[in-house]
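Protein chains: 2
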Amino acid sequence: MVTKINLAEKFGRFADQWSPKIVADLNDSHVKLAKVQGEFVWHSHADEDELFLVIQGELTIELRDGQVTLGPGELVVIPKGVEHRPVAREEVQLVLIEPKGIKHTGDVVSDLTVHEYARI
Amino acid sequence: MVTKINLAEKFGRFADQWSPKIVADLNDSHVKLAKVQGEFVWHSHADEDELFLVIQGELTIELRDGQVTLGPGELVVIPKGVEHRPVAREEVQLVLIEPKGIKHTGDVVSDLTVHEYARI
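Each protein sequence line maps, in turn, to chains A and B.
Number 120 marks the last residue of the first sequence (our numbering); no jumps.
Number 120 marks the last residue of the second sequence (our numbering); no jumps.
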């Protein structure tokens, strides 16, 4: 079964922030959509690279030695082991691609930690 | 080294069609950009799922039992083993995410087969 995914339509299905939703399986990874606003927690993923692609809004990813700011049509891969903290002044819509089973807060457990990702 | 990738800027760096360019490593996969127009070859990938995200234009992916047509902001994952043929009436800009080492024409070798992907 091959079904196309319209990102705008999928983003219309949820409103909660910092709670990535799975939209597709891709080999050992999930494709997820998230809405984020405010400051996330500093964290890293020991074994997983993580892709962020911004669809709407402006996302800053703070790093220990700098930062990158992404607008629509811009992406970045945060390599495994690199500490980072996403920050968004206004709501951002983004696509995440990362290995199945990843904790989006890495080894840090916070109030924002999602223990099971919903599928939309 | 964490460097953001602006898709429009990267698409401006090449003009050749059906010749995906690597823009990032993501775990065991590559993130690639491609410009395509016309009809590709029927093929499948025995072991690899393949993600297509359309940035510009309209891409039809023919399947043996139907087809999907993607516009900007739409994506599809073609699961491993599923025969498919991309077709674009006008030039399409797309993001591909697929395991490193994949042959974009699968087991089929044609004039379109790229044996080594450039990195931009």
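In case anyone wonders, no lab produced these hints; they're calculated from the structure.
Don't take each hint at face value.
No copy labels: a pair is met if it fits in one copy or bridges any two.
Cut-off 30 Å, straight-line C-alpha distance, at most; resulting in silico cross-link-like pairs (BS3-like, lysine-lysine) [to be verified]:
no., residue 1, residue 2
1, Lys10, Lys100
2, Lys4, Lys103
3, Lys103, Lys80
4, Lys80, Lys100
Since the model is a prediction, treat every value here as computed from it, not as a measurement.
| Numbers of the earlier hints that this structure fails to satisfy, in rising order | none
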